Amino acid sequence: MTVIKRQTIIGTLWAYLGVLVGSVTQAYLIPNYLTTEENGLLAMLMSWMMIFVLLANLGFTSAGVRFFDQFRDKEKGNKGFLFNALVALLLGCLLVTFVVWGLQKQILSSNAGDTSLFEKYYFVILPITFATATFNIFDNYAKSLHDTITGNFLSQFLQRFLVLLAVVFYIANWLDTKLFVGIWAVAICVPAVLMFFHIHRIGALNFRPSSFLLKSNFLKPFLSFAGFSVVTSLSSIAITKLDTLMVYEFLGLSQTGIYNTCLFFGSVMTISYNISLKASTAIVLTAMEENDFEKVKGIFQKSSITQVFFGTILLVLVWVNVDVLFSFIKPEYYVGKYVLLIIGIAKLYDLASGLNSLILGYSKYYKLDSLLVISFVAVLYLLNHLLIPSYGLNGAAFAALIATVYYNTFRNILIWKFFKIHPYSKSLLFILLTGILVTIVGLYLPDLTIYDNLDRFLSLIYKCSVTGLLLISSLYFLNVSREINQMINDVFEKLKSLF
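Each residue of the sequence shown is one higher than the one before, starting from 575 at the first, in my numbering.
If you are wondering where the hints come from, they were derived from the structure by calculation, not from laboratory data.
Here the structure is a predicted model, which is why all the values come from computation and not from measurement.
One should not assume that every hint holds.
Stated by the list, open to error - Ranges between beta-carbon positions, derived for each pair: (1) Glu1067 x Asn791: 49 to 57 Å; (2) Phe770 x Val979: 38 to 46 Å; (3) Leu665 x Tyr908: 40 to 48 Å; (4) Leu797 x Val742: 32 to 40 Å.
Stated by the list, open to error - No farther apart than 27 Å at their CA atoms in a straight line, the calculated lysine-lysine pairs in the DSSO-like style are these: (5) Lys794 x Lys752; (6) Lys815 x Lys679; (7) Lys871 x Lys694; (8) Lys679 x Lys871; (9) Lys794 x Lys679; (10) Lys1070 x Lys1037; (11) Lys694 x Lys789.
Cβ atoms here follow ideal geometry from the backbone N, Cα and C, with glycine treated the same way.
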């Protein structure tokens, strides 16, 4: 079993266990037991945290990954890599502190006027930002040492489990709102502490000062790449968070909570992609350094097929059961029904584009990638301004879809122009067409009579079983991917061994 495959499988296992935990929290407990305003508060804190984390790292995480081979020297503590990362982190955290204080009024502002709850807990942004930025430093360091599993466990599973506990305690009235937000923030911070101890345990923790980077012949390209990666990363996170922030600006905290619940589905669709990206990074970068673009092409296309396979299955199952799923939560969330579909389609196009962000972003053409990302943010911003006032939450989702198609299409055009590789294949077309046909069949399946939650669960099981089996078996016999068929065969073999 290859390194990528082994780490992807283990990482995906933790990720999907985390999805299970996160689904209970985000898709059921929070929508049912927290107010939409409280849901919106958590969404805003997380959205701004993810933006400020990238500023706090000052591009060192991305540049560190790209240039880590220059530092790699176990005997010399990797030539001061962690020391330089810590210096960058401290400077970045100071910068974030000034920005959070200085832009407080602008960040809190909303046309809907319901800002009091966000204003009360606004500065929680700082500790969760600092902790997550620290975690990213250690996680990328471990990833460069070919360990992607620990970071996945801590961020994808453990953190979500701790958040679940905080929510359960709040629902049980063991915590007031102030204490709940505090414990929720602690849950976000815990992975950074545990990752620190993990790096120490594997003997890679070394903060010894070193002037290696300052005296190196790659200092200028390192700093240039770091600077552009800050712009690219900030713009990239804006891609996923700008719509949430603008929903808050135009529609208020309550509607932000509803929109955030629908976005959770989109984040679930990209879980396996994120795991694959982490596991593939070091190998793809090495192949690019060696100009082995046949190898890059193979990984590029296989990643695209695998991610679209999983994404299509998830989207089909969710849309066939969409009314039943929304019946589990408060009626006010039903306004987000079509947001879920639109965001799902956007994510599918994103998944079909494979590892394009890795390939272009870490190539010598990364400056073009930065410019493309900036243009994407501008397009997304304008579309949100045009569509949200007229179409509400659906307008925000349509803006995300249009901008995603624009962004990935031009990125793939650039990759084809420079490297003569692309992620597309006939297999993608077969997967998507099969998914559409199975969705039509699923929508015409007769509904069970629903009286209570048990009937809802039975309806979910019934429709998921029929549509899931039909879709997976169809794709298996179409032989859209040797890797997917082998994966299915492996699952059957393991099931046989249990009986």
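Now the hints, each set against the structure:
Between glutamate 1067 and asparagine 791 the beta carbons are some 52 Å apart, a value that agrees with the proposed interval 49 to 57 Å. The beta-carbon spacing between phenylalanine 770 and valine 979, approximately 40 Å, falls within the hinted interval of 38 to 46 Å. Between leucine 665 and tyrosine 908, the C-beta spacing of about 46 Å keeps the proposed range 40 to 48 Å intact. At about 46 Å, the beta-carbon gap between leucine 797 and valine 742 misses the expected band of 32 to 40 Å.
Straight-line distance between C-alpha atoms of lysine 794 and lysine 752 comes to about 46 Å, which puts the hinted pair past the 27 Å bound. Restraint check: the Cα-Cα separation between lysine 815 and lysine 679 comes to about 19 Å, which is no more than 27 Å; the hinted pair holds. Straight-line distance between C-alpha atoms of lysine 871 and lysine 694 comes to about 50 Å, which puts the hinted pair past the 27 Å bound. Restraint check: the Cα-Cα separation between lysine 679 and lysine 871 comes to about 47 Å, which exceeds 27 Å; the hinted pair is violated.
Our distance criterion of 27 Å between C-alpha atoms is broken by lysine 794 and lysine 679, whose separation comes to about 37 Å. Taking the CA atoms of lysine 1070 and lysine 1037, the gap is near 25 Å; set against the 27 Å cutoff, the hint holds. Among the hinted pairs, lysine 694 with lysine 789 is inconsistent with the structure: their alpha-carbon atoms are about 47 Å apart, more than 27 Å.
Comparing the model with each numbered hint stated earlier shows that hints 4, 5, 7, 8, 9, 11 do not hold.
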